[in-house]
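Number of protein chains: 2
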Amino acid sequence: MTVNILFAAKAESWDAYQAPLTKALAEKDVTANLSRDIAPDQVDYIVYAPNSTVQDFTPYTRCKAVLNLWAGVENVVGNTTLTQPLARMVDHGLTQGMVEWVTGHTLRHHLGMDRHIHGLKGEWIKEIPPLAEDRHVTILGLGALGSACASAIAGLGFDVTGWSRSPRAVEGVRCLHGTDGLEQALTGAEIVVLLLPLTTATEDLMNADRLALVAQGGVILNPGRGALIDDAALLAALDSGQIGHATLDVFRVEPLPADHPYWAHPSVTVTPHIASETRASSASRVIAENVRRGEAGEPFLHLVDRSLGY
Amino acid sequence: MTVNILFAAKAESWDAYQAPLTKALAEKDVTANLSRDIAPDQVDYIVYAPNSTVQDFTPYTRCKAVLNLWAGVENVVGNTTLTQPLARMVDHGLTQGMVEWVTGHTLRHHLGMDRHIHGLKGEWIKEIPPLAEDRHVTILGLGALGSACASAIAGLGFDVTGWSRSPRAVEGVRCLHGTDGLEQALTGAEIVVLLLPLTTATEDLMNADRLALVAQGGVILNPGRGALIDDAALLAALDSGQIGHATLDVFRVEPLPADHPYWAHPSVTVTPHIASETRASSASRVIAENVRRGEAGEPFLHLVDRSLGY
Chain A
-13 MTVNILFAAK AESWDAYQAP LTKALAEKDV TANLSRDIAP DQVDYIVYAP NSTVQDFTPY
47 TRCKAVLNLW AGVENVVGNT TLTQPLARMV DHGLTQGMVE WVTGHTLRHH LGMDRHIHGL
107 KGEWIKEIPP LAEDRHVTIL GLGALGSACA SAIAGLGFDV TGWSRSPRAV EGVRCLHGTD
167 GLEQALTGAE IVVLLLPLTT ATEDLMNADR LALVAQGGVI LNPGRGALID DAALLAALDS
227 GQIGHATLDV FRVEPLPADH PYWAHPSVTV TPHIASETRA SSASRVIAEN VRRGEAGEPF
287 LHLVDRSLGY
Chain B
-13 MTVNILFAAK AESWDAYQAP LTKALAEKDV TANLSRDIAP DQVDYIVYAP NSTVQDFTPY
47 TRCKAVLNLW AGVENVVGNT TLTQPLARMV DHGLTQGMVE WVTGHTLRHH LGMDRHIHGL
107 KGEWIKEIPP LAEDRHVTIL GLGALGSACA SAIAGLGFDV TGWSRSPRAV EGVRCLHGTD
167 GLEQALTGAE IVVLLLPLTT ATEDLMNADR LALVAQGGVI LNPGRGALID DAALLAALDS
227 GQIGHATLDV FRVEPLPADH PYWAHPSVTV TPHIASETRA SSASRVIAEN VRRGEAGEPF
287 LHLVDRSLGY
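So the protein sequences, as listed, match chains A and B.
Taken in order, the first sequence gives residues -13 to 296; the numbers are from the numbering used here.
Taken in order, the second sequence gives residues -13 to 296; the numbers are from the numbering used here.
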């Protein structure tokens, strides 16, 4: 039987989701009519973005669930016309994308790829990098993202140290904590990955003193939060050669202003906040799985508890 | 008790090995006198390169083993004065280095890093790559190196297909074989890694017909053997856009001649045969482990069978 799925989100989302959602539904053997225009009383599921024009859910009398495209539900959870089950988006692509960005840039700096990408210009300069087992990588922050990155990098053989404010354990990773642990984690690190939350305690954490602990010529990767770094101190450390390179995905002001010194600095790589973004393909699989569950009479994934608000 | 270890190899090897070998011996709790100059009748072990000046082993009356620095023993195995146990070098760094190069360049192309490394020049162009699970990587060759690379890349979540002439199985990898399997493995592949041995059957394997099977704009990584690729066909495919980029570590003639078109081609990255090289650090650990075994009366690793010649 055909399942009527209303896609209630802006046109650019439809452009991004139409193909992957159609594919994901087919992979779950759901025969679906996926459309932006279905009579409300015929709708079985609503794929929903809180900024859509649908704000009154009353006419959707046979709708079995509202499946949010966004992780955040704060703009919909208070809607009193919404009495159907509401599911949040929990996209493993956010973590997986972060792991890919961190692992990729760690290997890039480890292997010294940039000189080859810029080109050796006919010179056969054979410099053999050390093995990953001889490369000291330190990850600050061992939450969901930091732990996943630490595991992936350790799995490739790197010598990984992780640090968090309170004690954590990650298999294959030397885990440190507290103020003394931070100094120890940074001392001699060759690649430092910043994945801490931004709090008053972590703002400007990477200041001149801490940048000086890193191995001479070491690399900073920041896919966490822009304000974890004292930008002036980082630029000074790059200019002195204490820090060899910084690859930055997040900034205090985004988009990074066109005249910011990071753009033109030869030892800085800017990536435009792409490390961790919801992917239409993986998010579509989450939605398709929930439709499959609804049709099979199984409990929905990631249901919002309206009394708690999330 | 101090163990006398003669380092019998050229001066440049001594420069590369003195520090890591000293460190590796200390890590095995071996108290060693490591030197290039020890009276022959005092020598306990010889760390040996077949091109060293030591060719007569007769005076080394108390030597317990000759530990070769090279994987190849063809230049020493026929030496009739060598009656001591002879161990080959089996350096896991050769495989591990290959895994790091292949994984790193796969992630580099997957993430589209080059545009960021070359610099976006102030433009905040946010293009989100797909997840690894949506990226088709094909590895041609499932020997020791190909299997290790396929496992590592699959472990990061990529959709990996492996191909070999005869059937092989690698966990997490779709394994194909034979002529039909080759066509299937290449069709639609977005990143193709060449790790086949060079035989009359594999020379020029990547010719115009096979390059045309790869996904439009796909990437070729060649850390295997230069002659696996028909160079003229690859250059034509790069110029037409059928192949988006080639990252090449091996060539028909090495060093790659300064006037070779690969050097200047904007869609080619040349790395100077660095993907798989013996590392002094990991090779030193192999030697130190064999000294430890000799002192503990345990059997040596990687002993050469003189009757077989390897």
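The reader is advised that the hints may include incorrect statements.
To be verified - As a list, the in silico DSSO-like pairs of lysine-lysine whose alpha-carbon atoms are at most 30 Å apart:
| # | chain 1 | residue 1 | chain 2 | residue 2 |
| --- | --- | --- | --- | --- |
| 1 | A | Lys112 | B | Lys50 |
| 2 | A | Lys9 | B | Lys112 |
| 3 | A | Lys107 | B | Lys107 |
| 4 | A | Lys(-4) | A | Lys9 |
In short, the hints are calculated from the structure, not lab data.
Structure-based check of all given hints:
1. Our distance criterion of 30 Å between C-alpha atoms is broken by A:Lys112 and B:Lys50, whose separation comes to about 36 Å.
2. Pair hint A:Lys9 plus B:Lys112 holds up; C-alpha atoms about 25 Å apart against a cutoff of 30 Å.
3. For the proposed pair A:Lys107 and B:Lys107, the alpha carbon gap of about 23 Å is at most 30 Å, so the pair holds.
4. Pair hint A:Lys(-4) plus A:Lys9 holds up; C-alpha atoms about 20 Å apart against a cutoff of 30 Å.
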